[in-house]
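Participant: From first to last, the protein sequence lines stand for chains R and L.
Each residue of the first sequence is one higher than the last, beginning at 1 in my numbering.
Each residue of the second sequence is one higher than the last, beginning at 344 in my numbering.
It should be emphasised that the hints constitute simulated quantities derived from the structure, not laboratory data.
It cannot be assumed that every hint is accurate.
Label-pair ranges, simulated between beta-carbon atoms [said to hold, decoys possible]:
id, chain 1, residue 1, chain 2, residue 2, range
1, L, Glu-419, R, Ala-339, 40 to 50 Å
2, L, Pro-613, R, Ser-168, 13 to 23 Å
3, R, Leu-110, L, Gly-615, 53 to 63 Å
4, R, Met-74, L, Asp-410, 19 to 29 Å
5, R, Lys-114, L, Asp-575, 36 to 46 Å
6, R, Pro-233, L, Glu-419, 46 to 56 Å
7, R, Gly-102, L, Gly-615, 31 to 41 Å
8, L, Asp-410, R, Lys-114, 43 to 53 Å
9, L, Gly-494, R, Met-74, 51 to 61 Å
10, L, Gly-449, R, Ser-168, 34 to 44 Å
Partial chain L-side listing against chain R, Cβ under 8 Å, derived [unchecked claim]:
id, residue
11, Ser-416
12, Glu-419
13, Glu-790
14, Thr-793
15, Lys-801
Cβ atoms here follow ideal geometry from the backbone N, Cα and C, with glycine treated the same way.
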Amino acid sequence: MAAADAATADDAKDIGPPARLPEESARPENGGPENGGPENGRGESGGGFLAWMLAPERRGPLLVAPAVGILFVMNIFPLLWSFGLSFFNFRANRQDVPDFVGLRFYERVLTDDKVWERFQTTALIVGSSVILQLIVGFCLALLFAKIFPLRRILLMLVLTPMMLSFVSVGVFFKLYYEPTFGLVSWVLNSFTDESFVLLATPAGAIAGIVVADAWMWSPFVMLLVLAGLVSVPRYLYEAAEIDRASAWRRFWTITFPYIKSLLLLAVLFRTIETFKLFDIVYIITEGGPGDATETIAVYLYRMAFQFFRTSQSSALAYIVLFVVIVLTNLYLYAVNRRAQEMQ
Amino acid sequence: MRTTTRGRTAGISALGLLAGLTAIPASAADITITMAAPDWPPTRFMKEHFDATYQSPDGHKTTLDMDFIPWPSFYERVAASLTSGEQKYQMIVTDSQWLGSFVEGGYYKDLTDLIKEDPELTAIMEDLHPVLVSAYSTYPHKTREYVEEHGFPAPDTSYYGFPQFPDTYVTFYREDLFCNEAEATRFQESFDKKLPCSYEDWQDVDWETWQQIGEHFRRAKGEPLGDGTADDEFYGIAYQAGKGYDFSTMAINAFIWQKGGSIWDETKEPEGQAEGVVNSETNVEALEQYLSMLPLMPPVAQTGQMDIFVVQDLFMQGKVAAMIDWVGLGEPVLDPATSTVADKSAFAVAPGTRKDDGSIDRTGNIGGQPFVLTTWNSDEVVKEALNVVKWWLDPATQKEFVANGGQSGLKSVMADPEYNDLRPWNRAHVEMLPWQRDVWHIPEFFELLTQQQEEFDKAITGQIGAQEALDEVAEFQQELLEDAGRIE
Numbered sequence: 001m002a003a004a005d006a007a008t009a010d011d012a013k014d015i016g017p018p019a020r021l022p023e024e025s026a027r028p029e030n031g032g033p034e035n036g037g038p039e040n041g042r043g044e045s046g047g048g049f050l051a052w053m054l055a056p057e058r059r060g061p062l063l064v065a066p067a068v069g070i071l072f073v074m075n076i077f078p079l080l081w082s083f084g085l086s087f088f089n090f091r092a093n094r095q096d097v098p099d100f101v102g103l104r105f106y107e108r109v110l111t112d113d114k115v116w117e118r119f120q121t122t123a124l125i126v127g128s129s130v131i132l133q134l135i136v137g138f139c140l141a142l143l144f145a146k147i148f149p150l151r152r153i154l155l156m157l158v159l160t161p162m163m164l165s166f167v168s169v170g171v172f173f174k175l176y177y178e179p180t181f182g183l184v185s186w187v188l189n190s191f192t193d194e195s196f197v198l199l200a201t202p203a204g205a206i207a208g209i210v211v212a213d214a215w216m217w218s219p220f221v222m223l224l225v226l227a228g229l230v231s232v233p234r235y236l237y238e239a240a241e242i243d244r245a246s247a248w249r250r251f252w253t254i255t256f257p258y259i260k261s262l263l264l265l266a267v268l269f270r271t272i273e274t275f276k277l278f279d280i281v282y283i284i285t286e287g288g289p290g291d292a293t294e295t296i297a298v299y300l301y302r303m304a305f306q307f308f309r310t311s312q313s314s315a316l317a318y319i320v321l322f323v324v325i326v327l328t329n330l331y332l333y334a335v336n337r338r339a340q341e342m343q
Numbered sequence: 344m345r346t347t348t349r350g351r352t353a354g355i356s357a358l359g360l361l362a363g364l365t366a367i368p369a370s371a372a373d374i375t376i377t378m379a380a381p382d383w384p385p386t387r388f389m390k391e392h393f394d395a396t397y398q399s400p401d402g403h404k405t406t407l408d409m410d411f412i413p414w415p416s417f418y419e420r421v422a423a424s425l426t427s428g429e430q431k432y433q434m435i436v437t438d439s440q441w442l443g444s445f446v447e448g449g450y451y452k453d454l455t456d457l458i459k460e461d462p463e464l465t466a467i468m469e470d471l472h473p474v475l476v477s478a479y480s481t482y483p484h485k486t487r488e489y490v491e492e493h494g495f496p497a498p499d500t501s502y503y504g505f506p507q508f509p510d511t512y513v514t515f516y517r518e519d520l521f522c523n524e525a526e527a528t529r530f531q532e533s534f535d536k537k538l539p540c541s542y543e544d545w546q547d548v549d550w551e552t553w554q555q556i557g558e559h560f561r562r563a564k565g566e567p568l569g570d571g572t573a574d575d576e577f578y579g580i581a582y583q584a585g586k587g588y589d590f591s592t593m594a595i596n597a598f599i600w601q602k603g604g605s606i607w608d609e610t611k612e613p614e615g616q617a618e619g620v621v622n623s624e625t626n627v628e629a630l631e632q633y634l635s636m637l638p639l640m641p642p643v644a645q646t647g648q649m650d651i652f653v654v655q656d657l658f659m660q661g662k663v664a665a666m667i668d669w670v671g672l673g674e675p676v677l678d679p680a681t682s683t684v685a686d687k688s689a690f691a692v693a694p695g696t697r698k699d700d701g702s703i704d705r706t707g708n709i710g711g712q713p714f715v716l717t718t719w720n721s722d723e724v725v726k727e728a729l730n731v732v733k734w735w736l737d738p739a740t741q742k743e744f745v746a747n748g749g750q751s752g753l754k755s756v757m758a759d760p761e762y763n764d765l766r767p768w769n770r771a772h773v774e775m776l777p778w779q780r781d782v783w784h785i786p787e788f789f790e791l792l793t794q795q796q797e798e799f800d801k802a803i804t805g806q807i808g809a810q811e812a813l814d815e816v817a818e819f820q821q822e823l824l825e826d827a828g829r830i831e
């Protein structure tokens, strides 16, 4: 294939018309079984079935076929299957024959107070975490937009958290908050005799999760904002300086317009991701104290894999998917808007 | 399931020659028994001992392929395997509470007839402690009293499991502190009673004394402790108070039962109610008593994250004078590589509720796990799996297991005069075992447990009181069990 590609490139350079593989060049224009011609693949010179398979019009579909196959088996088929299940009364741990129940589980999920409480908890965590990530990420971006010694090394260190696994971050923060051995309590004990028990109250537990999530993902916001900051032409700042524009005015009229689309992207991307937050919550608090930090993803997991309400959890999963699709469309809208602005 | 029979055809003539001369069975086969097992010492020992000693009485070449699964994901992994239909396991170490879910799902094999037909298995069932037969084997659940009254086989009873590791919780305590003269004197002055030191002293410890121990040993950093000073904040007592899995239910059930209260009783289906029983005055008092001691424990108790492993860690790190935990977590406490109190630890029965006649009720929730067979095995594999059961519950294997940190459920083994000396907690385990009862076994078990754990967690973290928590639990259970047709 490498040789064929090289030939294709050379042909394109030297001749101009669309390049062809040697096998294809040898084939009559009206030939081949797909055109109803007299010859079949076996009759082609030097090719046979392989050449027929590698014909340009088939090469593309052939190359993407494995990916499509895997996508179908691992993603689309389970999606369709679970969609079907959501209309039946099925529990994975029972042998009962499932009955068709129509939209009963969608109705049950949408009228379940617990589901709405979990959505509210999720919204609270998402809102707090994304705001904190924006603030920290933005400040870090402003810092790293300037040139200073060891900048590259520090930048690399700051980016480390988002490369860690969720489980590592969860375990790390759980130990960090532990009131007897934990680092936070240990440091605070230097100033006070009281143990610092962050996770004992709903507000404290939510704060603990928000801090852990923001610690992990603020660098991502920083990267996006930093990309916007470095794209601002220097001459605009020079002109503003000549006009004696204040720092705030320089930021509002020059910097902000360049980064606002990227900020919006960061907000939407992080909102979608945080909306699905599971690992960190499950490891740090398991949804506690009580159910104060049980996000919709944790509740969905319990419903599906602990309670074995398979159909009901499928219905809830589709409602969550719908929310994520709406958010994703907002994200795509923001991306398109950014692309238009850049043109 | 992986079994291959070899040499059946070619071996016919050879076997004909050997018949009557040797005991080699007619069809020796390679049999692999894949067993789902939690990854901890009792199952690790089973695998090692099997590899070292097991010989199939049927002449098979049998491999025990243990799939060791970490505890936190054990239920999910087993449940995912069973419900996916992959039929990976021939045997499973299972929590007794899962019996209903996986029996109803058609995954756990009913062994009643096989046990009845086999004198060796029948003898094992008759020798097992009735508490264990009731909790580990019967579904629908039969009480210990029913099992004891009817013997084996009890009428209308199906049997599924055998004890892999029967566990009870006991008191772990620091001998250097509890047997310290200065501490004993201070305790006597404060509470006008003896600080428990010996096993016999601990037999007289009720919850009131346990609470006083908590108050007595609460020390700030730098305060005198034993013959030295506390190098950090120090606490007297700890027991489980965690939101995860069953890490508060197991302790709270003990308080409820000891006071004469009850959880929803599955053996009284469909007349047995949840409302009025689960939130009875007695149960509220019991929960209040459980909650009242949490402020004396390490501050992690206030977060609802003090599970059995955290309690064990706190004790091993020398932060707590006494804890109540499972015997199964005892070995690391005695290992100097993992424990700072390895040479200072002693064991005794768990505290209980003192009755009017002065005796102490120690009713508790059974721990440990049975092991079961799955439904998709060939007759040959079933027969060999039952051979493995016989091997595991053979007195010699059981004694070896106990000497290596396990426990036996066989009355004959526990009655052995050497038994109590095999490991330091054995005497306490033998004394605690008859007090054990079990939580529900029905398929709705996890929903009942999760909701209850959430409400208990709210009470533990001070968001609601005992009455409100139990009212919520009772209302949820009533509704769920009515929907499931278990309450009329």
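Participant: None of the hints should be skipped; say for each whether it holds.
Facilitator: Tested hints:
One distance hint, 40 to 50 Å for the beta-carbon pair Glu-419(L) and Ala-339(R), holds here, with the actual separation near 43 Å. Between Pro-613(L) and Ser-168(R) the CB atoms are about 48 Å apart, so this pair departs from the stated range of 13 to 23 Å. The beta-carbon spacing between Leu-110(R) and Gly-615(L), approximately 33 Å, falls outside the hinted interval of 53 to 63 Å. A C-beta distance of roughly 24 Å is found between Met-74(R) and Asp-410(L), which places it inside the suggested range of 19 to 29 Å.
At about 41 Å, the CB distance of Lys-114(R) to Asp-575(L) agrees with the hint of 36 to 46 Å. The given range of 46 to 56 Å is respected by Pro-233(R) and Glu-419(L), whose C-beta atoms sit roughly 54 Å from each other. A C-beta distance of roughly 34 Å is found between Gly-102(R) and Gly-615(L), which places it inside the suggested range of 31 to 41 Å. Between Asp-410(L) and Lys-114(R) the Cβ separation comes to about 34 Å, which falls outside the hinted range of 43 to 53 Å.
Separation of Gly-494(L) from Met-74(R) is about 53 Å and conforms to the stated range, judged on CB atoms against 51 to 61 Å. Hint check: Gly-449(L) to Ser-168(R), Cβ distance near 39 Å, so the stated range 34 to 44 Å holds. About 10 Å separates the beta-carbon of Ser-416(L) from the nearest beta-carbon of chain R, more than 8 Å, and the hint is not met. A distance limit of 8 Å between C-beta atoms decides the matter here; for Glu-419(L) the minimum to chain R is near 6 Å, and the interface restraint holds.
Checking Glu-790(L) against chain R: minimum C-beta separation of about 5 Å stays under 8 Å; hint holds. Annotation: interface hint on Thr-793(L) holds; nearest CB of chain R at approximately 6 Å, less than 8 Å. The beta carbon of Lys-801(L) is positioned within 8 Å of a beta carbon in chain R (closest approach about 4 Å), and the interface hint is therefore held.
Hint check: violations occur at hints 2, 3, 8, 11; the rest are consistent with the structure.
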